[in-house]
Amino acid sequence: MPTNPDLARTQRWLQNFIVEPGTDEQALASESVKNEYAGDVSQMVVPSRTLTSAERVGVYRGMYLLRMEEALTTDYPVLKSFLGDEVFFELISRYVERYPSRSHSLNFLGRSLPKFIGESTDLADREFLRDLAAFELAIAEVFDEEQTPVLSPEEIAKVPEQAWETARLQPIAALRLCKFDYSVSMFKEAYRDDEGFPEVLPGNQWLAIHRRDYRVYWTTLDEPGYDLLGLLAKGGVLGEAIESICLKYEGQVGDVEIFTWFQDWVSQGLFQSLETG
Amino acid sequence: MANRWHLPDLGYGIGLRTTHFPHILKHHPPVDWFEILSENYMDTGGRPLYVLDKVAAEYPTVLHGVSMSIGSTDPLNWNYLKKLKALAKRTNARWISDHLCWTGVSGLNVHDLLPMPYTDESLKHVVGRIKTIQDFLEQPIAMENASTYLEYAHSNWTEWDFLKAMAEEADCGLLLDVNNVYVSAFNHDFDPKVYIDAIPEDRVVQHHLAGHTNKGTHIIDTHNDHVIDQVWELYRHTYQRFGSVPTLLEWDADIPSFETVHGEALKAAAYRTSPVEEEPVEEDRGAVVEALTHGD
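Residue numbers (numbering that gives the first Met the number 0), protein chains in the order written: chain A, 0 to 276; chain B, 0 to 295.
A couple of the hints might just be wrong.
[Unchecked claim] Here are a few chain A residues that face chain B, going by a calculated C-beta distance under 7 Å:
1. 6
2. 9
3. 10
4. 11
5. 42
6. 43
7. 49
8. 50
9. 103
10. 104
11. 213
12. 217
Simulated from the structure, these hints should not be mistaken for laboratory data. Every residue, glycine too, gets a C-beta built ideally from N, C-alpha and C.
Please put together the full structure from these sequences, using the hints given.
Next up, the structure:
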């Protein structure tokens, strides 16, 4: 009979058993588990009146993936609804094997799911699913972002006209600009309204996902507007950013469009401060 | 008997849950106190934190965590502890609690309250870490007995003796979860009253109560239902031993209306004042198994 394992070995043994893929029997026989304790499971865990030693450790193992699925369902409800329960569970089982939680918080568990989907070449509609997951991830991030002040139209009105050329606008923290190859927001809206999902068809979509009064919104942009907002969000000088966009989209973008965009963005509370001079 | 830190009896509290945010903000219900799940508010600057600030301004709060991982052989997570300390200050938390368990090793977190082997090595390990954390947080913490589903063959302490020794050597508080005592007693076939009677009176700063799921062969601590009668009776026994201790009703899955959860918490008052009834506390395992077998 092997000697009693120390605490560290005991913990690695149980954790390896919990996260090892396959059946309980396969996990118990796996190298990662046997490397920590080569003896029979009954020498590590005593049976109860009603459960064998293997069944008792199996309780923890069974709950692990369910807990991971529950956490990821919170962040990816539309993806789960689109895939169906079984396919989603299979997807997240493979995902947490590759990207197990390394944080004290489950909030971060799903941060690599879009990337993982993009790498999963065996997945049908992979590129669409990656975009859908990225959209839901952006919503989750915006939900949890730091609360920052919002620049009001009144503050904007106080800025002298000559100061705009060299002004820089700082976006709120709870803003994500996303470019997708599929119109993913339609799927979110169909899910929200309890309607059937539309057909998956390629088509670019540019979105500003943002939070106002602790609620998350998404606004559809056109490509020039997305580019301009992107330049401003990166700290670009307003005059230079506008000039760059007008040059890139010559004939498509003029003062009227820019004025309208800017009015919309301010009213949506996308900026927190303005630096002049 | 009062605890040795003279922490007050806050009365009957419930856990702050997102599904109840609108009700709390609108109705300001007369709840004695709220327990805050620490990890839910550490890494957000959004609505949860906004609501927490409102609640903490209006009600007494305590922090209850699931990721301190006090028993893990990994190094302490100082990033986590700094956030915990900041959150305690922000909410003016009356005290901080977590579980006697570990949640992961080798840098991973499986987000479960995994059981400790009750050995001399474990005791020394846990006591040292609790002392370090209490020094850092500059206040005593309370460790909760977790529900467990397995027993290690090499444990040479009972859980209750281990808890007692841990609390006394580390000079920490205990959060005695009455439902967890019941669950573990069922799963490991011991008398829950023996467990409760062994816990040092002056170390208990809080109780938990909750519903659970009886699978027939074992019980899972699911927090998804009303407290069963046997646990209420065990709570009555607990009151006889410890007197008035702040009591928190946990309901974390299939969460019903605010009024239902709060009403369940308030039931505890009846068990603080009623005379002790000599009812058997242990559930009839055979009857439960038979009922499940016959599809009742």
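- Item | Hint validity - residue 213 of chain A Cβ closer than 7 Å to any chain B Cβ | holds, 4 Å
- Would you settle whether the hint for residue 43 of chain A is holds or violated, based on the nearest Cβ-Cβ distance to chain B being less than 7 Å? Residue 43 of chain A check passes; min Cβ-Cβ to chain B is 6 Å, inside 7 Å.
- Item | Status of the residue 104 of chain A interface restraint (C-beta, 7 Å, chain B) | With a minimum Cβ separation of about 5 Å from chain B (threshold 7 Å), the hint on residue 104 of chain A holds.
- Item | Interface restraint verdict for residue 42 of chain A against chain B (beta-carbon cut-off 7 Å) | holds, 6 Å
- Message: Next item in the hint list is residue 50 of chain A. Is there a CB on chain B closer than 7 Å to its CB?
- Response: The hint holds - residue 50 of chain A has a Cβ within 7 Å of chain B, the shortest such distance being about 6 Å.
- Cut-off 7 Å, beta-carbon criterion: hint that residue 103 of chain A touches chain B: At about 4 Å, which falls below the 7 Å cut-off, the nearest Cβ of chain B leaves the hint on residue 103 of chain A intact, so it holds.
- Message: Less than 7 Å between beta-carbons is the criterion; does residue 9 of chain A satisfy it with respect to chain B?
- Response: holds, 6 Å
- Message: Restraint: residue 11 of chain A near chain B, CB-CB cut 7 Å. Satisfied or not?
- Response: holds, 6 Å
- Message: Hint validation: residue 49 of chain A versus chain B, beta carbon distance must be below 7 Å. Holds or violated?
- Response: Residue 49 of chain A check passes; min Cβ-Cβ to chain B is 4 Å, inside 7 Å.
- Message: Quick check on the hint: residue 6 of chain A CB to chain B CB, less than 7 Å?
- Response: With a closest approach of 5 Å, the residue 6 of chain A hint holds.
- At a threshold of 7 Å, is the proposed contact between residue 10 of chain A and chain B supported by beta-carbon distances? holds, 5 Å
- Double-check residue 217 of chain A for me: the hint is only fine if its C-beta lies closer than 7 Å to a C-beta in chain B. violated, 16 Å
Violation of the numbered hints given earlier is confined to hint 12; every other hint is satisfied by the structure.
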